[in-house]
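Generate coordinates for the entire structure from the input sequences, incorporating the hints supplied.
Listed in order, the protein sequences are those of chains A and G. Residue 171 in numbering that gives the first Met the number 0 sits at position 172 of the first sequence, and the numbers go up by one each step. Residue 189 in numbering that gives the first Met the number 0 sits at position 190 of the second sequence, and the numbers go up by one each step.
It is worth saying that the hints were derived from the structure and are not from the lab. This one's a predicted model, so the numbers in the text were calculated from it and none came from an experiment. Treat each hint with caution, since some may be false.
Unchecked claim - With a Cα cut of at most 30 Å, we get these calculated DSSO-like pairs of lysine-lysine: (1) A/Lys66 - A/Lys251; (2) A/Lys111 - G/Lys16; (3) G/Lys16 - A/Lys113.
Said to hold, decoys possible - Beyond 10 Å from chain A on every Cβ pair, some chain G residues (computed): (4) Ile77; (5) Gly250; (6) Gln278; (7) Ala334.
Each residue gets a CB set at the ideal place from its N, CA and C atoms; glycine is no exception.
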Amino acid sequence: MNVPLATSELTSAPSGTGARASRVPYVLIAPGALWMFLFLVVPMAMMVYVSFWTQTTFKIEPVLTLKSWQTFFSSDTYLSALWTTLRIWLMVLLATLVVGYPTALFVGLFIKNKTLSTVLLVLCVIPFWTSFLIRVLAWRPMLGKEGAINIILQALHITSAPIDALLFTELSVVIGMTQIYCVFMVGPIAFMLGRIDPNVIEAARDLGASFGRIFRTIILPLSMPGVIVGAIFVSVMVLGEFATAAALSGRKVNMLGNIIVTQVGSLKWAFAAVVGVVLTVIMGVVVAAFLRIVDLKREL
Amino acid sequence: MDDVLQIEGLTKTYGAKAALQGVSLAIAHNEYVSLLGPSGSGKTVLLRLIAGFEPPDSGRIWVDGKDISRVLPHDRGIGFVFQNFALFPHLNVYENIAFGLSNRVHAPIADGAELRARVNTMIDLVGLGGFGQRGVHQISGGQRQRVALARTLVTEPRLVLLDEPLGALDANLRMRMRGELRRIRSLLGVTFLHVTGSETEALAMGDRSVVLDNGRIGQFDRPDVIFNQPVSPNVARFLNCYNVFGGVIEGGSFRSGGHVFGFSGPVKPGAETAYVVRQDVILIQAMDAPVGARETGLSATYVTSEYTGAAFMYFFKTDDGHIVEVENHLSHRAAQDLVAGARYRLVWRADAALVYG
Numbered sequence: 000m001n002v003p004l005a006t007s008e009l010t011s012a013p014s015g016t017g018a019r020a021s022r023v024p025y026v027l028i029a030p031g032a033l034w035m036f037l038f039l040v041v042p043m044a045m046m047v048y049v050s051f052w053t054q055t056t057f058k059i060e061p062v063l064t065l066k067s068w069q070t071f072f073s074s075d076t077y078l079s080a081l082w083t084t085l086r087i088w089l090m091v092l093l094a095t096l097v098v099g100y101p102t103a104l105f106v107g108l109f110i111k112n113k114t115l116s117t118v119l120l121v122l123c124v125i126p127f128w129t130s131f132l133i134r135v136l137a138w139r140p141m142l143g144k145e146g147a148i149n150i151i152l153q154a155l156h157i158t159s160a161p162i163d164a165l166l167f168t169e170l171s172v173v174i175g176m177t178q179i180y181c182v183f184m185v186g187p188i189a190f191m192l193g194r195i196d197p198n199v200i201e202a203a204r205d206l207g208a209s210f211g212r213i214f215r216t217i218i219l220p221l222s223m224p225g226v227i228v229g230a231i232f233v234s235v236m237v238l239g240e241f242a243t244a245a246a247l248s249g250r251k252v253n254m255l256g257n258i259i260v261t262q263v264g265s266l267k268w269a270f271a272a273v274v275g276v277v278l279t280v281i282m283g284v285v286v287a288a289f290l291r292i293v294d295l296k297r298e299l
Numbered sequence: 000m001d002d003v004l005q006i007e008g009l010t011k012t013y014g015a016k017a018a019l020q021g022v023s024l025a026i027a028h029n030e031y032v033s034l035l036g037p038s039g040s041g042k043t044v045l046l047r048l049i050a051g052f053e054p055p056d057s058g059r060i061w062v063d064g065k066d067i068s069r070v071l072p073h074d075r076g077i078g079f080v081f082q083n084f085a086l087f088p089h090l091n092v093y094e095n096i097a098f099g100l101s102n103r104v105h106a107p108i109a110d111g112a113e114l115r116a117r118v119n120t121m122i123d124l125v126g127l128g129g130f131g132q133r134g135v136h137q138i139s140g141g142q143r144q145r146v147a148l149a150r151t152l153v154t155e156p157r158l159v160l161l162d163e164p165l166g167a168l169d170a171n172l173r174m175r176m177r178g179e180l181r182r183i184r185s186l187l188g189v190t191f192l193h194v195t196g197s198e199t200e201a202l203a204m205g206d207r208s209v210v211l212d213n214g215r216i217g218q219f220d221r222p223d224v225i226f227n228q229p230v231s232p233n234v235a236r237f238l239n240c241y242n243v244f245g246g247v248i249e250g251g252s253f254r255s256g257g258h259v260f261g262f263s264g265p266v267k268p269g270a271e272t273a274y275v276v277r278q279d280v281i282l283i284q285a286m287d288a289p290v291g292a293r294e295t296g297l298s299a300t301y302v303t304s305e306y307t308g309a310a311f312m313y314f315f316k317t318d319d320g321h322i323v324e325v326e327n328h329l330s331h332r333a334a335q336d337l338v339a340g341a342r343y344r345l346v347w348r349a350d351a352a353l354v355y356g
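Here it is in structure tokens:
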């Protein structure tokens with residue numbers, strides 16, 4: 000009697016633990032998956048759905064129509080907001096790269112002391128100790144007609160009259176955004192640069208390459224994943240921006256984000272949904288394009 | 000002048016710690032020199048100073064009779080093979096080897112056909128034929144070692160510095176690469192300076208060996224001379240095959256703790272007074288065995304043994320706490336059945352001992 004009992008225990012025991020072990024990953028992912036489904040997938044589906052609803056002045060009805068989409072693509076206002084968004088995104092992306100890469104190079108490669116480089120990276124985050132809006136608004140007394148920069152330039156006799164173009168223009172929006180989002184470019188690049196084995200650079204030097212050559216052939220390629228991750232961070236945040244654009248342009252520069260805010264404010268839900276879908280598609284295309292440049296899987 | 004490398008009075012200090020204290024050395028053309036030193040003896044520092052990665056505090060370095068003390072690393076005509084290979088991780092085997100030729104400041108090779116010919120010749124020479132297009136993460140440790148070597152050799156340096164080149168390989172591969180390194184070097188006729196912490200590697204690889212002792216040259220000679228005639232007790236310690244006893248010379252014998260050892264050879268002058276006897280010349284006898292006329296020795300308690308395949312290592316403890324190691328080659332003598340905790344007589348011929356003082 001004992002023998003069959005023992006064998007059945009033997010056969011059931013491993014399969015029991017096996018099933019329990021294989022269930023663990025699903026248990027781990029369940030809360031996140033549920034959260035993302037309820038608050039990301041469902042709203043996005045709703046957004047796409049609502050963009051086809053019929054909008055009248057004070058009412059929105061679930062009757063499917065292409066009218067909101069036709070309005071978006073036939074209106075100069077909205078198309079120019081689309082171009083403004085893309086233009087500001089490219090300028091900010093370029094500016095954060097131009098400012099951020101040398102900074103990251105300094106922090107990640109030229110500072111040999113790990114403690115010091117960590118301290119410097121933390122310094123980059125100091126502006127984030129105040130609220131987003133205050134940081135944006137703080138640019139006004141800097142850039143304004145009677146602002147700090149104009150006063151200094153005139154005091155040094157570099158300019159004779161205040162420069163008007165500094166505030167409430169596209170330039171001020173780009174300056175503000177570059178300052179806010181630069182750290183998201185510096186961080187990932189500095190991280191990748193810090194991972195480069197110093198011996199690899201010494202080896203290249205020993206083989207006779209100049210610093211320019213080493214930068215182009217070794218350092219830049221090895222830091223590209225950091226550039227791509229930083230560019231994705233900056234792109235996603237800048238494309239969805241509205242507050243900086245509104246505060247530093249005096250509502251003259253309208254990005255797609257600003258259109259959404261206005262439309263939601265006047266209860267034009269269907270139209271806001273159209274802009275939301277357009278913006279989401281642009282972000283998806285941008286992220287996909289960046290991921291094609293560098294194979295991030297290899298770096299993880 | 001046939002010396003490729005000449006060093007005079009090289010000194011380097013880190014904070015209060017002297018890493019190198021006046022190292023002078025001359026290495027001939029077409030020679031394989033191994034540099035043995037325990038960790039902390041300054042061997043890597045010496046290599047980095049020669050390569051020019053760090054400046055010395057004082058001292059001068061010549062390559063082919065030309066003073067290069069102030070010359071930048073890549074203008075020294077010296078190749079460097081890193082311990083962890085330091086291959087360019089984003090380039091394949093061919094691109095790694097071609098890097099120096101196509102990217103160097105002086106006379107880079109722009110002609111594609113010449114570049115391909117030289118790189119492919121080197122790939123074949125180091126035995127990497129067919130691996131040119133592989134990524135450096137898709138090849139084995141031994142093959143990465145060959146890439147690191149080829150990458151340096153293709154630029155035709157006068158002298159190649161190898162920093163523990165076999166340290167990252169497993170034991171089996173290390174033995175194979177020893178032969179490969181010697182073969183490749185003699186084919187090209189360049190000079191290798193090979194740093195290692197392993198005494199067997201240093202003795203096996205070098206035409207001549209340097210033993211570095213606390214930032215100074217302990218001994219520089221042929222491996223067999225170093226092995227049989229270490230110039231100091233420290234050099235004998237680094238060789239890991241000697242028992243070293245401290246003590247005083249009294250009359251014609253050596254007093255160490257409670258023991259008195261006889262010796263017949265001359266006393267080598269040195270800072271440290273020591274009695275040194277090789278582990279494999281010691282015989283283990285019962286306490287009541289007769290002692291020969293020219294023999295000397297001590298009695299000690301057997302602790303434990305270690306089987307190494309071709310030999311047994313026996314460990315004994317003297318009354319004053321000194322550990323004595325005896326190596327018994329099984330091709331000469333059968334394994335001995337010893338009782339742990341029992342006392343035995345360890346004897347050796349008095350003329351086999353080396354005495355310093």
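We went through each hint and held it up to the structure:
| no. | hint | verdict |
| --- | --- | --- |
| 1 | A/Lys66 - A/Lys251 | holds (27 Å) |
| 2 | A/Lys111 - G/Lys16 | holds (21 Å) |
| 3 | G/Lys16 - A/Lys113 | holds (23 Å) |
| 4 | Ile77 | violated (8 Å) |
| 5 | Gly250 | holds (56 Å) |
| 6 | Gln278 | holds (37 Å) |
| 7 | Ala334 | holds (45 Å) |
Violated hint for the displayed structure: number 4, the only one.
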